[in-house]
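On the provided structure of chain L, position chain F as indicated by the hints.
Keeping their order, the protein sequence lines are chains L and F. First residue of the first sequence? That's 1 in my numbering, and the numbers climb one at a time after it. First residue of the second sequence? That's 258 in my numbering, and the numbers climb one at a time after it.
By construction, these hints were calculated from the structure, which means they are not laboratory data. None of the values given here were measured: they were computed from a predicted structure. There are no misleading hints in this set.
Distance condition first, Cα-Cα at most 16 Å in a straight line; then the derived EDC-like pairs of lysine to aspartate or glutamate:
#1 278(F) / 44(L)
#2 84(L) / 58(L)
#3 278(F) / 43(L)
#4 278(F) / 37(L)
#5 152(L) / 233(L)
#6 278(F) / 45(L)
#7 64(L) / 78(L)
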Amino acid sequence: MRNSVLALCAAAIAIPAFAAEIPLAERRSGYDFMSRETRTMQDDDTANPGMLWVLDGEALWKRKAGVADRACQDCHGDAGTSMKGVAARYPAFDAAHGRPVNLEQRVNACRVDRQKAPPLAHESRDLLALTAYVGRQSRGLPVAVPIDERTKPFLDAGRGTFFRRQGQLNLSCAQCHDDNWGKRLAGSVIPQGHPTGYPLYRLEWQGVGSLQRRLRNCIVGMRAQPYDFGAGEFVDLELYLMWRARGMKVETPGVRP
Amino acid sequence: MARALINVPAAAKRGEIIEIKALAQHNMETGYRRTQLGGLIPRDIIRQFVCTYNGVEVFRAEFHPAIAANPFIAFWTVAIESGTLAFTWTGDNGYSVNESKSISVG
Chain L
1 MRNSVLALCA
11 AAIAIPAFAA
21 EIPLAERRSG
31 YDFMSRETRT
41 MQDDDTANPG
51 MLWVLDGEAL
61 WKRKAGVADR
71 ACQDCHGDAG
81 TSMKGVAARY
91 PAFDAAHGRP
101 VNLEQRVNAC
111 RVDRQKAPPL
121 AHESRDLLAL
131 TAYVGRQSRG
141 LPVAVPIDER
151 TKPFLDAGRG
161 TFFRRQGQLN
171 LSCAQCHDDN
181 WGKRLAGSVI
191 PQGHPTGYPL
201 YRLEWQGVGS
211 LQRRLRNCIV
221 GMRAQPYDFG
231 AGEFVDLELY
241 LMWRARGMKV
251 ETPGVRP
Chain F
258 MARALINVPA
268 AAKRGEIIEI
278 KALAQHNMET
288 GYRRTQLGGL
298 IPRDIIRQFV
308 CTYNGVEVFR
318 AEFHPAIAAN
328 PFIAFWTVAI
338 ESGTLAFTWT
348 GDNGYSVNES
358 KSISVG
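Excised from the complex, chain F in its bound form:
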C-alpha cells in the first residue's frame, strides 16, 4: 500500500517548461465516515507532498480530507540542469513514500 506512479520527461532542453505528474496509492480515509455500527473510522490521509529538484524545493502541496483516494498531482517546473527530482509524500499513521526520477537537460 505504498506505491507511486511518476511521470517526468527523461530528457528536456535547458529552460524548457516540463510537466510532472505524480500519483500516490492511498485510501484517503476522511475521518468523517462511520462503520455500520456507528463507530467513527479514524482519519488516515496524506498530509503533505513535496518535490525537490537537485535538493531545491520546487513544489509543495498540503492535502486535506476532501481529496479523493489515490491523489494525482500535476505541476510544471523549468528544466535548469541535469539531475534528480525527488518526491516525498507524508501522512497519518507514519505514511511516508520517497521516490526519485532523473532528468537529463541538454
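Just chain L, same shape as in the assembly:
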C-alpha cells in the first residue's frame, strides 16, 4: 500500500507543472483531426451547412435596420472587399470600451451606435449569421491579431485563464490542448483548440455556434462555472487563442463533429 502511494507521488512529481506551448510548426487545425467525410462536408460549399448561415448573413448585411434605417452595406459597402481579413484580426482593441472586443460585440456596437437598433442576443440566429458572413470573407487568410501595449495585458490575462486549473476536476485548458492533444477523451480526439473556423457548424449542436459557446462546453466539462456570454474573461481567452493560432488559416464557416 505504502509503496503504491510512493509510486503515485513519484509519478505526480515527474509530470511538469506547466508544459510548453505547442511549437509553431507543430500546430494543427481541428480540421486535421476530423474524419474524411466531415472534412469533405466543410470543403464543399454546397454541402457545408454553415453556408446556410452565411447566406442568411448576406441577406442581413443588405437589410436596413433600426431608427437610422441603415444597412451594414450602406456604410461598409461590399463585404467581399471591406470585410476581407477583418475576422482574422479579432478580438481587436476598441477605444470606446477600453479593451479588446470580439466580432459579436463589434457587430452589436455597430447596430447600437450606427443603426440605432437593439443589440442582437448572443447565440441568436441573426448574430451568428452576420458573424459567419463577415468571417467567411476572411477564409483562407492567416489569423493575425495585432498585439501592442494596449492589448498585451488582455492577452496575458487570457493566457492566465488558459493555464489556470479550475473547476471540480481541477483542470486547465493547457492540460488537454497543449499537453495531450491527439490523444482521446472517451471516443473523441482532443484537438489543439485553435479557433480558426468560428462561428462554425457543429454536428453535435445541429447548428452554428460561436467560440464562446464552445468554450462554455469545455468549462462546464471541467465542472467549473462558465463566464457569461460577452464577459471580459471570455474575450481575453479568445484573444489568447487567436494569438496562439497566429498565421493559421481562417476556415469560417468550419464544420466540426
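Same frame as chain L, but now just chain F:
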C-alpha cells in the same frame, strides 16, 4: 428559414452518371423533445423530398423524426438530355421549398 443548397454539375456527357447533392435548411424538430417546463415541443419536420428531371421523377425520399437538422441528400442519376432538375421539399406546418438547376448534356 427556407434556404437550400444544391450541387448539380453544369455540364455532363450523355449517359454519364452524375452525383446530385441537396442540403435543406430545417430544424427537424422531432416532436419528442420537451421544454424545461415539461411541455411537448410539437413535431416540425420535412416529410418528403422529390427530384424530377425534365418532369420525370428520378428520386424520392421520405423523412422521419430521427433525421438530423439541415438534412443533406446525395444521390445519382444518368444524364440523358439537357434540361432542368427540379427539387421539392415539403413538410409540416406548410413547409415547401422549390429549387431548380439546369444541366447541359452534350
